[in-house]
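J.: Listed here are the chains, written in short residue letters.
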Amino acid sequence: MRADPAEYEFRTPASLKDAVKLLAEEPQAWLPIAGGTDVMVQFAAGTLAARKLLNIWNLPELRRIEVLPNEIRIGAGSTYADLRGHEVVAREFSLLARAASWTGGIANQNRGTLGGNIVNASPAADSLPALLVYEADLVLCSAHGERSVPYVNFHKGYKQIELAPDELIRAVCLRRCFSGYFSYARKVGARNAQAISKVCMAALGRVENGAIGDVRIALGSVAPVPIRLPETERTLKGKPLDHDVIAGAGRAAVAETRPIDDLRSTARYRAAVVGNLVVEFLQALGGANRHA
Amino acid sequence: MAVFVHNGGVSNSRTPHIVGCSTPRKEGRDKVSGRARYIDDLWFPNMWYGATVRSRIPRGRIKAIRFAPEIAWDEFVVVSAKEIPGRNYIALIENDQPCLVDRVVNHPEEAILLVAHPDRHALPKAVAAVSIEYEPLQAVFTIEQSEQKDEIIWGADNTFKSFLIEKGNVDSVWAKADYIVEGEYFTGAQEQLYIETQGVIAQFDAERGLTVWGSLQCPYYVHKALMALAGLPEDKVRVVQTETGGAFGGKEEYPSMIAAHASLLAMKAGRPIKIIYDRGEDMAATTKRHPSRTRHRTAVSKDGKILGGEIELVIDGGAYLTLSPVVLSRATIHAGGPYYWPHVRVRSKAVATNTPPHGAFRGFGAPQALFAIERHVDRIARTLNLSPVEIRRRNFLRPGQATTTEQVIDESIDLGQLLDRALELADYDAKRKRFAKQNRRGSERKGMGIAAFLHGAGFTGSGERYLSSVVGVEGSADGGVRILVSSTEFGQGTNTVLCQIAAEALGLGYEDVTIAQPDTMEVPNSGPTVASRTAMVVGKLVASAALGVKQTLVGAGLLAEAYTAKQFRAACRQYVAAHGALRSLARYQQPEGVFWDDQKYRGEAYAAFAWAIYVAEVAVDLATYTARVDDFVALQEIGRVMNPVLARGQIVGGVTQGIGFALYEKVEWRNGRMANNQMTNYIIPTSADVPSIRVFFEELGNRHGAFGAKGIGELPMDGPAPAVVNAIEDALGIPFDTVPLLPESIFEAVRMAASRASQTHSPAGVR
Amino acid sequence: MTTNRGAKCEISFLVNGERRIVRVYPMERLLDVLRRELSLTGTKEGCGEGECGACSVLIDGRLVDSCLIPVGQAEGAEITTIEGVAANPRSSALSAAFLECGGAQCGICTPGMMVAAFHLLDHKPTPTMDDIREGLSGNLCRCTGYLQILEAVVEAARRTTAR
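Residue numbers (my numbering), protein chains in the order written: chain A, 1 to 292; chain B, 293 to 1059; chain C, 1060 to 1222.
In short, the hints are calculated from the structure, not lab data.
Treat each hint with caution, since some may be false.
[Claimed, not checked] Derived pair list, reagent style DSSO-like, types lysine-lysine, alpha-carbon separation capped at 27 Å:
1) Lys-597(B) to Lys-374(B)
2) Lys-1067(C) to Lys-52(A)
3) Lys-374(B) to Lys-355(B)
4) Lys-1067(C) to Lys-17(A)
5) Lys-468(B) to Lys-597(B)
6) Lys-1067(C) to Lys-21(A)
7) Lys-594(B) to Lys-459(B)
8) Lys-560(B) to Lys-374(B)
9) Lys-560(B) to Lys-355(B)
10) Lys-417(B) to Lys-52(A)
11) Lys-21(A) to Lys-156(A)
12) Lys-892(B) to Lys-459(B)
13) Lys-17(A) to Lys-52(A)
14) Lys-453(B) to Lys-355(B)
15) Lys-1067(C) to Lys-417(B)
Could you build all of it, start to finish, from the sequences and the hints given here?
T.: See the structure below:
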């Protein structure tokens, strides 16, 4: 353990309102800490730059999941366990529930939050591709009010996010319109549990009259940020799911990614796996359609 | 009164009813309740904490050391090499490894300074505030670079040790061979990853001397090292082993280093010093399994018999000699596997690189050597178009035949039958048929792989004679007996099995026997807890010493030759009350007819071999190139199963570590330093990864081991890597000669094989 | 609650059913507060990065890695450590099964394993093998290869439901 706890200031606001008020009053001074599964690892390694921590763990305004007729509003302070255990999330947003079940072991899932995962902005984060294909909107809040940002615009570059220094993510909003879609999610890691992904993929597809009506593919760990594959999706829309179309989509997907060599894996491997997973998804989509 | 009993045999007039049973772990209750106390759970009054300033470069001369002014250095105790009271080395085989760098750094993370402070949290900042200026020297990082000798980093030629084994006349076989099969095989470093990191507490006062408590395997190794370092006599150094949270060899020699560091601080500070490594430091700075490269060149007849061969084996020892000669020795002796070699030449060497010294890890050279031979035998099979089963059957050692060191197998082991049994248990034939069909389509390819191997238990050759282990058993005032050994418990069952042996030898209940905490002030030197020798060698001495207690009581007229446990306890109580103590010692004696030539490296290398056949069923996912073990059969002949639950636990645990060695555990080196020194990035199997591992035992007994025991602790490490990689080749039709074998490497090979296939099959100009 | 840089604060919580008050820096790890301030050394540190689970405890009935929790976030919480689990009569089948099945070898992962297993059986009294593998997947063991631990949990569940 390489940090000295005596050097840190720690404040627990009474409410979300108090939290954003402090962020506005002391710009850039406070680092919000929710479940701590990222911050505390850096702390123990002695690499946490921040010295003032704002405790937003378990703030009621952040840790609730509201189910409305057309959308679900997931509080940013919801843990992965909260997501897995929520009936509507599990049923209508299975990609997110499955990603939550892949993030660390049970202990990590009881503390890691969706908001924390988004703000930490690791390109390898498991839940983020799901948010991309569900076309989530983020509700950001500050002392000045709230604003909504489409999640697809949130990651500007590696660890650069569309979040002002005085803002917190309040909620993640997902529209309840995916029941008719086929879902596919796969995480490729170094082992079956507790693994940082080498490639992770979330995809939705819908076949109409023998052709692809809608298709959404998102990937993690193959670019500086989690990405959708707009080019690949465009080439697939309206096409039948035949062998050539599927093979072409696999190649197109690889071309849209920018994987790297790092401590965990290689660019070539990641690229090859991307191609294979996209093919696997489309074959499964076709198979599901045949059996429908 | 101490009684020496010389290697007495154990005669059983009853059927054993404690040895061979799954008696509960002696220290089990404390472990499941959280009451067991490991070194970081102990705290002494006035204790300070210590930390280590380490080199950031792989090789160079220290030019200057600066202490940044923002730290209140007067609050700290700082120790450098110049203040070592005795000799600045960690005594082991040679004395080339300094305790603290004096002038020249030879590997990253090498210890340069020690600091101590009352506040644990103040240490990382202080360590970071020491800046060291170096004059870098050219460093060497691989076996190949070391062999090239462009840069000499150790001794005259970078070579710590070499061996040569010659049997028959290998130069005569090439002309007669129908096939000459060559292969080159590599194994990488492996981190022991005991879940409890290295830790010690040291205390010194002029009167009692130096006392060290710690997480360690070999109290007397530490004792010897501290005597030299501190310049203290034998009775002024005391080493106590605390409950140890995993070791696997990683706490065989390394604890002498951390104990030396804590001792130096304790001597200067005049107060107890605790040093506990955090995980990052432990992974980066301490020992790992020796990486290896083995080259085989084998002459084979067309009916699949090995006529002879040359084996060249090199291990990377890191920056200092430490235990590399002994690891090399074991690798060299196991290089031929469980096969009959009419002629063979084994040339081996351990070379130096500028990495933290590599060290003991379960298997100790045998996993490296056996990976190579077992992969090579499959290669021979494929070259001859024989099955992996048949090639082994035709070459297995048989009773009456001699090993590569001319040790004649004199027990009735039938490896062919063992192989048959393993294949049946694994459903080998049916599965291969099924997979051959399934593999024509789908996104998975499945295969089966075999590993056949042996593992010599105890120290090599004359090693046990040099150790000259001594064991004590004493009668207690309450009538029970207490075992006195320096052999340590670290999960493998030392406490339990030795107590079972003593209870059985004396006809007592398991609860009547206790075992003393290994403390060099209290227990004799029964040798290090390594080499799978504890049940077999030390256990036999325990039985002898226990009988010495009985003989004393009988001789004193307090006990009849035939007695009940209750009578024994009464007699013991009486004797202790009258005489104050009742202690019996037994010393190891080399058995008759065991002959070993250290010069020619020939003769009886080990008192006993255990034998095994492992069979792996593996699936490779073609979308992700990940290999998955679906089923694993581990069949071994181990002399005697002392405790079924414990024995099975050793095999399952060892196989899991072996699967890690094969498929998961890769050390990423950057300029001689482990870059992935976090549990997040160094991958071991979780409960979600371990396959079904089915364990089976056979028992041929062993006249040299307690109740027929052979060693089993390290055996399971030898088989999984070759079995799994053989299975992957069976699944994909692609050979792999390196472990760990990660999906990235499987991918590259699959891609290359596919592009070669499309080159041969696609006519020019098409598409 | 407001703290200034470098100031300790009072944290009040329930630990194994007892109310405890500690005066500590809020960024002390809960693991360290349990071990040092409260002398509950059963909870272990294996990695400091939330990977090995040796530091597992229950907070408000949920399994967590105590090395990742600043004690400042534990104000008012109900914490159960291995000492609490071991003292709970509901864990006796689990302890007995661990001993009989060889679930503990070196023992350093055992407190975390027991807490995780206890937590699992509380929520899923008749778990499938997949449930057990998942429930313990955050607890690394280097000695056993897991199988005898998984079997211990199966056995504990069997004995408990048989009663």
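J.: Taking the numbered hints from earlier one at a time, note which ones the structure violates and give those numbers from smallest to largest.
T.: 1, 14
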